[in-house]
Amino acid sequence: MTETVAYGIAAAATLVAAWAGWHMYREQPVGNPLFYAVAALELALIALLIGGIVALNSTSRDVDGTLFVSYLVTVAVIPPAAVLWGIAEKSRWGTGVLVVALLTVAVLCLRLLGIWQGTYA
Amino acid sequence: MPDTLPPDKATSHGFGRTLVAVYAVFALAASARSIFQLVTKADDAPVAYALSAFAGIVYVVATVALARNQRVLALVAIAIELAGVLTVGLLSIVDDDLFPDQTVWSGFGEGYGFVPLGLPLIGLWWLNRTREKA
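First to last, the sequence lines map onto chains A and B.
The working numbering puts the first sequence at residues 1 to 121.
The working numbering puts the second sequence at residues 122 to 255.
Isolated chain B, as found in the complex:
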């Protein structure tokens, strides 16, 4: 039960409190951007917009999972996030035409000060740090 965890084992306490806030900002940025893109100009760059939507969902899941101390779900979401930013970052450099419009993960997140690249690493570190020792 999340509420009975000792404070230093809960992903939503201590440093995790601030980490959840950073995740929330990216959840908001990516999903709001994708909703706007899909509503106003869905046909312009379907791949990029679908990817924005996917990234938005991943960030929302990671935010909620960290906030509610759901470690497994958080681990899955953050792993997908790391794979996503690396794959999209690489592809956007190799093949420019694939993503004609910006996504949060383009160029390893350069439009967001490369925070999207560092965030999953910090997330994984934090999950490991708060792990229950058997």
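Chain A on its own, in the form it takes in the complex:
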């Protein structure tokens, strides 16, 4: 769990959120390209979940394991949940669900880094 990884994924989530925001502004429902972007981000989050658990077990840092893993799981669950809820609404507001969810993912990634570095309790 390095700064590069955390900032990288947070930046990716923000980018996809901005892209979703653009779709929302154009009054477009969730389309395939946006769906694939979210899916790609989800793969990164699953990799983060696995990598985070591996790193947790091999680190000498004093990390709150329960808190760290529950954040990792939460962050990986949010995009699929948002897609399920948002895709049923064929309007800009279905896209809005993705904007909210992806910004939440970005914020949680920064919190994850804080938990890893022991600066957030």
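No lab work stands behind these hints: they were computed from the structure.
Treat the hints with care, as some may be off.
Stated by the list, open to error - Output of the computed footprint for chain B on chain A, the stretches with three or more beta carbons under 8 Å from beta carbons of chain B: (1) 61-73; (2) 93-105.
As the list claims (entries may be wrong) - Computed, partial: chain A to chain B, Cβ under 10 Å: (3) Met24; (4) Ala82; (5) Trp85.
Note that CB positions come from ideal geometry on N, CA and C, so glycine has one too.
Starting from the structure of chain A, add chain B where the hints point.
Same frame as chain A, but now just chain B:
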């Protein structure tokens, strides 16, 4: 019956779709925080943690009620939410010692970009907007 409502009268459609998502984020944030606080350090700040738990339940009820078009339940939950954020916000400024640890409603939700203060107002506006005209 929720399913037979015209789309523009259902609280879970249109703008409500996104609103439910925002509520879900706060339901998650407040309840997850309170579960963690109560499990790991319940004795540190019982008032703040009990309040986090209460706020979490209010957000969960509001989320579910909006998502399932239960207007009365949503109205009650959002009214409690508004009263909660105003009361706790005021108390946390007047008397710092009452809430030694953060809750979602401390300082009118400043730890969450003041979204907790605006959310109930938007919720009430949305309920009014989708109201069935007699």
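Quick rundown of the hints versus the structure:
Counting residues of the stretch 61-73 of chain A whose CB lies closer than 8 Å to any CB of chain B gives 3, which reaches the minimum of 3, so the coverage claim holds. Coverage of a stretch by a chain is defined here by at least three residues with a beta carbon nearer than 8 Å to that chain's beta carbons; for the stretch 93-105 of chain A and chain B the count is 8, and the condition holds. Because the closest C-beta pair between Met24(A) and chain B is about 9 Å apart, less than 10 Å, the hint holds. Taken as an interface hint, Ala82(A) checks out: its beta carbon lies about 7 Å from the nearest beta carbon of chain B, inside 10 Å.
Contact between Trp85(A) and chain B, as hinted, is supported at the beta carbon level, the nearest pair being about 6 Å apart and thus within 10 Å.
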